[in-house]
Amino acid sequence: MHRRLASALSLVALACALGGPSHAADPSAAIVSKPCAGCHGIDGASKGDAPIIAGLSAPYLASTMRAYKNEQRYATIMNRIAKGYDDAQLDAMAGYFSSQSWPNTKQDIDAGQATKGQALHASKGCLGCHGPQGVSMMPTAPRLAGQYAGFLEQQMKDYRDPGKPIPPAAMVMRSMLSGLNDADIAALAAFYASQNP
Amino acid sequence: MSMNRRSFLQLAAGSAALSVCGFPSLVSAGDKVSIVVIGGGYGGATAARYLLDYLPGASVTLVEKNKDYYSCPFSNEVLGGEKSMDDIKFGYDGLAAKGVKVVIDEVTGVDMDGKKVSTANSGKIPYDYLVVSPGISFRDNIEGYDAEVFPHAWKAGPQTVLLRKKLEAMEDGGVVMLAAPPNPFRCPPGPYERAAQIAHYLKHHKPKSKLIIMDSKDKFSKQGLFMEGYKKHYDGIVEWRSAANDGKVLAVNADSGELVTEFDEHKPAVANVIPAQKAGVLASSLGLTDDSGWCPVDQRTFESSVHSDVYVIGDACIAGAMPKSGYSANSQGKVCAAAIAAKVKGYEMPNPSYLNTCYSLITPEHGISVAAVYRLQDGTIAGVKGAGGLSPLNASDETRKAEAMYARSWFRNITTDLFG
Numbered sequence: 541m542h543r544r545l546a547s548a549l550s551l552v553a554l555a556c557a558l559g560g561p562s563h564a565a566d567p568s569a570a571i572v573s574k575p576c577a578g579c580h581g582i583d584g585a586s587k588g589d590a591p592i593i594a595g596l597s598a599p600y601l602a603s604t605m606r607a608y609k610n611e612q613r614y615a616t617i618m619n620r621i622a623k624g625y626d627d628a629q630l631d632a633m634a635g636y637f638s639s640q641s642w643p644n645t646k647q648d649i650d651a652g653q654a655t656k657g658q659a660l661h662a663s664k665g666c667l668g669c670h671g672p673q674g675v676s677m678m679p680t681a682p683r684l685a686g687q688y689a690g691f692l693e694q695q696m697k698d699y700r701d702p703g704k705p706i707p708p709a710a711m712v713m714r715s716m717l718s719g720l721n722d723a724d725i726a727a728l729a730a731f732y733a734s735q736n737p
Numbered sequence: 335m336s337m338n339r340r341s342f343l344q345l346a347a348g349s350a351a352l353s354v355c356g357f358p359s360l361v362s363a364g365d366k367v368s369i370v371v372i373g374g375g376y377g378g379a380t381a382a383r384y385l386l387d388y389l390p391g392a393s394v395t396l397v398e399k400n401k402d403y404y405s406c407p408f409s410n411e412v413l414g415g416e417k418s419m420d421d422i423k424f425g426y427d428g429l430a431a432k433g434v435k436v437v438i439d440e441v442t443g444v445d446m447d448g449k450k451v452s453t454a455n456s457g458k459i460p461y462d463y464l465v466v467s468p469g470i471s472f473r474d475n476i477e478g479y480d481a482e483v484f485p486h487a488w489k490a491g492p493q494t495v496l497l498r499k500k501l502e503a504m505e506d507g508g509v510v511m512l513a514a515p516p517n518p519f520r521c522p523p524g525p526y527e528r529a530a531q532i533a534h535y536l537k538h539h540k541p542k543s544k545l546i547i548m549d550s551k552d553k554f555s556k557q558g559l560f561m562e563g564y565k566k567h568y569d570g571i572v573e574w575r576s577a578a579n580d581g582k583v584l585a586v587n588a589d590s591g592e593l594v595t596e597f598d599e600h601k602p603a604v605a606n607v608i609p610a611q612k613a614g615v616l617a618s619s620l621g622l623t624d625d626s627g628w629c630p631v632d633q634r635t636f637e638s639s640v641h642s643d644v645y646v647i648g649d650a651c652i653a654g655a656m657p658k659s660g661y662s663a664n665s666q667g668k669v670c671a672a673a674i675a676a677k678v679k680g681y682e683m684p685n686p687s688y689l690n691t692c693y694s695l696i697t698p699e700h701g702i703s704v705a706a707v708y709r710l711q712d713g714t715i716a717g718v719k720g721a722g723g724l725s726p727l728n729a730s731d732e733t734r735k736a737e738a739m740y741a742r743s744w745f746r747n748i749t750t751d752l753f754g
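Line order of the protein sequences matches chains A and B.
Heads up, the first sequence is in my numbering, so the first residue is 541 and it goes up one at a time.
Heads up, the second sequence is in my numbering, so the first residue is 335 and it goes up one at a time.
Simulated from the structure, these hints should not be mistaken for laboratory data.
Here are the simulated lysine-lysine pairs, BS3-like style, with alpha carbons at most 27 Å apart:
#: 1; chain 1: B; residue 1: K735; chain 2: A; residue 2: K697
#: 2; chain 1: B; residue 1: K417; chain 2: A; residue 2: K646
#: 3; chain 1: B; residue 1: K432; chain 2: A; residue 2: K587
#: 4; chain 1: B; residue 1: K500; chain 2: B; residue 2: K565
#: 5; chain 1: A; residue 1: K587; chain 2: B; residue 2: K401
#: 6; chain 1: B; residue 1: K423; chain 2: B; residue 2: K399
#: 7; chain 1: B; residue 1: K489; chain 2: B; residue 2: K551
#: 8; chain 1: B; residue 1: K432; chain 2: A; residue 2: K646
#: 9; chain 1: B; residue 1: K735; chain 2: A; residue 2: K587
#: 10; chain 1: B; residue 1: K601; chain 2: B; residue 2: K499
#: 11; chain 1: B; residue 1: K735; chain 2: B; residue 2: K565
#: 12; chain 1: B; residue 1: K677; chain 2: B; residue 2: K449
#: 13; chain 1: B; residue 1: K489; chain 2: B; residue 2: K399
#: 14; chain 1: B; residue 1: K417; chain 2: B; residue 2: K540
#: 15; chain 1: B; residue 1: K735; chain 2: A; residue 2: K646
#: 16; chain 1: A; residue 1: K704; chain 2: B; residue 2: K556
#: 17; chain 1: B; residue 1: K566; chain 2: A; residue 2: K704
#: 18; chain 1: B; residue 1: K435; chain 2: B; residue 2: K449
#: 19; chain 1: A; residue 1: K587; chain 2: B; residue 2: K435
#: 20; chain 1: B; residue 1: K423; chain 2: A; residue 2: K646
#: 21; chain 1: B; residue 1: K719; chain 2: A; residue 2: K623
The shape of chain B in the complex, shown without the other chains:
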């Protein structure tokens, strides 16, 4: 029998070949450990998959409330009409096929001492390690807020459909207002990409309409690149009103449809109001948050600073310089899985490396990006100096088109990484 590469690896895995290097193999069978992951978004789906990669013998259970997952990344393109809801819809069959036990159910509580997750319909699920990826919830910073009248569409799904329908029903000439939240929030460039995507729809279907960004801030992510893109493609359609320019929405009136700022009142045809944010409701109900409303963790492993053997990843956690993005959550899920694998197998975890890229589409042929590579520095996730940063200003149409191509490619690849 000729020895192919795979059989050589199998032999090597059990031999001294690896121990010479001081690293035990990540891949071995019989890791009798139970890990429960709560939340099947960018963080949780990644963690579940990579936990099984690193610990093939482990029992990995993913508990997720919804059967169908709608991706926030590219949901702005649904609002702009370039993607459908089906394009951003994913299921958990791929993870189940890889061996993840998928439980579609609601978590009703966690017994941290007894190490059991309680569910509404699936009983109690015991765990040795718990990974929580609960996403975001909204603060009450806007008086009178009503998500049916002023959809946030900041969790993709029915809210996205609702906002899209309102835009479609609007008469040509109507004004859309997009109220952008204060920091920190999920997807820092998201509101500004959304403005471009809605403007893309208006330009082609309702050319007399315009969109005003009502901002709680005086500056925002990729600002120069967005403003350049708005001017190039949506001059006279998109306007940005900073907080200093009375852009901050303080209250809304669900009966009249009005937005109230410090000095003025507005009655747009369609209002997309995105409230301030904090960690998902589950995080606070489990006592994983601090006074900031977010979850403090050991940024090397993502183990909660509050509860041992509980890990928090994704938008809900405090992750140093990393933005709250899908790519960040994906990268954190991998580090967290590696950390748990190291703990189970009893070796020291190698220095973690984290990565983030956020693409935004101004038009289908005009993409821009911000990227960063991170490492741990004095216990905090910090961007590597001299690396990362923004797409250049004044780039050629060809470069913008290439970035748009890579943005769509990113979506194909990362969703394959998440859902198979």
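In isolation and in its complexed conformation, chain A is listed as follows:
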């Protein structure tokens, strides 16, 4: 297939992925997204500790995968995997996973830890972007409520670490987390993981 024709077709696919009523029904979005289930669960509904990506906003997913691809966000493996996809595929995946439903999770969380985390969540101003219970109304701030504690804890440590790359849009997270120790971060992760609004 000619490259120009191929890219024209993928643009059509992208237009459909972003504008169509159902990303799940678009074979090209499905075929590129279904393999992610190995790590992220069926249609992004991870059983943990890899993060749930089902139902996150398309802009957040698209920008996150681009950040991984461009080594702007630290990862153990997603930096290597995101480089395998072009922008049209990343957008198709963002559309596909954003159209899935967030699965409710029930994690084994220490109640005392969660209470401590809730206090930090309020006192440190996390709710400004992530909502009172960890469900943001802004498409650029991801849902934290019910996300896996292991992932959240690791992410917050990565964001706090000045030696690790962080997307420019998330730089605020580095300053938010810089005053927190590992125990604080574990408590915050426990709070978000325990929420199921």
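Go by the hints and put chain B onto chain A.
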């Protein structure tokens, strides 16, 4: 009545909304087509599930010999003592609940012209499309080989139990030898993860013992990362002997328990000998293999190059740059299901995308990985340039621990994808 998202989708599915985009819906009822999947492992279980996802009206029958499935991924952790056989055991109730007709029976033959699968006890099962995911079988490259004396444990199940029992029965101070196979074989990092897992057991329970990897090769998957991990955790316990260093086992003696190499003979306390491999026996008996011993396929769809309307996925097929792994088989099962759905519904299949990640655990807190994204290039599955690759060398303990966490997460998620 307020219109919720689902009813909107139902309306849209029947309207012109989708045809504007040129793609018919993958989801519609009444696809009166019969598909039989032979083999309920990582490839076959995936194909059965996704065929029903893509063709909800289809009759999908999964024929599998064993009622219980034991996963090869994480069977090394059973040998290391961190997992039990129950942890790697799965059944087919989840697939049956989704509508897959599960037939636990042995396939005795396939009439390719009449399109019928013959079984030992369940009669003949007609099909329009046949998916075969037969896994691997062993070659006779090791003279005198006896799987009871020198368990391969390369198909999880009784062999895993046998090897574990031998390790448990061994006296402290005994030497374990692990004979690694030549390429290509199932799970390229598998023998080296196994060495680490057995060493983990030895270190904590038989500290005077050691393990020697007797290799048919001079290099292996994730070598730098494994050697780094062995040195960090199992210095003086694990030794790797390359083929060039007389590591290649040529013959074994079941009476004496000896392993024979070109220049030497060894008598380990426990020997785990993994022979060279080829496609599962069923593949060759159905005439789906070529001279290589593996099954040539159209790598866009996994349709056999030998028989039309027959598809081969998983370790048995020749899939370009993809390794023979559980994740590869899972990814291939999805592409194959999409290809069959496209054929049934009469539209051109979109460009396939394939993915693989292989995690290995050196200790419960030290995980490493290799990953790749693939696409079709000139008819062959090729890794996307600049993508994928290995975990970095000299990574922090925190990174290794995170990868170990994601390795266990992978197992939870992929087995849910397979078995519900």
